[in-house]
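Next come the chains, spelled out residue by residue.
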Amino acid sequence: DAGVTQSPTHLIKTRGQQVTLRCSPKSGHDTVSWYQQALGQGPQFIFQYYEEEERQRGNFPDRFSGHQFPNYSSELNVNALLLGDSALYLCASSRMAGVNSPLHFGNGTRLTVT
Amino acid sequence: AQSVSQHNHHVILSEAASLELGCNYSYGGTVNLFWYVQYPGQHLQLLLKYFSGDPLVKGIKGFEAEFIKSKFSFNLRKPSVQWSDTAEYFCAVRRQNFVFGPGTRLSVLP
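In order, the protein sequence lines correspond to chains R and S. The opening residue of the first sequence carries number 1 in the working numbering; numbering runs sequentially from there. The opening residue of the second sequence carries number 115 in the working numbering; numbering runs sequentially from there.
Read the hints as simulated data drawn from the structure, not as lab findings. Glycine is no exception: its CB is placed at the ideal position from the N, C-alpha and C atoms. Worth double-checking, as some hints may not be accurate.
Lysine-lysine pairs mimicking DSS-like chemistry, simulated, CA-CA at most 25 Å apart [to be verified]: (1) LYS163(S) with LYS185(S); (2) LYS26(R) with LYS185(S); (3) LYS26(R) with LYS163(S); (4) LYS183(S) with LYS163(S).
Which chain S residues stay away from chain R? Per the calculated CB distances, all over 10 Å, these [said to hold, decoys possible]: (5) VAL125; (6) ALA131; (7) SER140; (8) LYS163; (9) ASP199; (10) GLY215; (11) GLY217; (12) VAL222.
Residues from chain S that keep clear of chain R, each with C-beta distances beyond 10 Å, as calculated [to be verified]: (13) GLY136; (14) LYS172; (15) ILE174; (16) PRO193.
With the sequences and hints as input, model every part of the structure.
The structure is reproduced here in structure tokens:
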């Protein structure tokens, strides 16, 4: 049991479309981070949400946006999909108050853009 | 820019062989260091972490890692691997956010 749940598990979209991915953090966690993992690579940081605000952002274009809800769950939205957006999208949760809190990952959403 | 490098892309070992996976990071100052493992079809799981203190840290499943500040390294070791250790291993560094290395795929032959 991952504790962090993501939906859907797989998604196929066409270039130019928009997609929304969802994440529920592990119980007791208040911070959600999103990562993109291309095939054969390590996870790349997209952004982090805490208290319903984007707190940090990686080197991703504005087509990538997110939201965090009062119950700490989060969404990742990607607009104007490109073929290069095909990847595994990982959600990770942690506790902001725990300075040394490690990340707990979900199983990811596999996005394929055709 | 922060970067994390892992020495090997793919390592193949026989059961009972010793394992060492290299990890180097590119910046100084205080860092938190982690090793994560991703077993086939499963989510990323924390193997071990280093924050401060004893530079030799022990994790789950018999893994350990040594932090060498002067070398900016955090290598992962296991004295005797098992077939069930077959997985992808990721080194990660945290300052403001987590930066992951590209991963090392470990294949253990029975």
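Against which earlier hints does the structure fall short, listed by number upward?
Per hint list: 2, 8, 10 and 11 violated.
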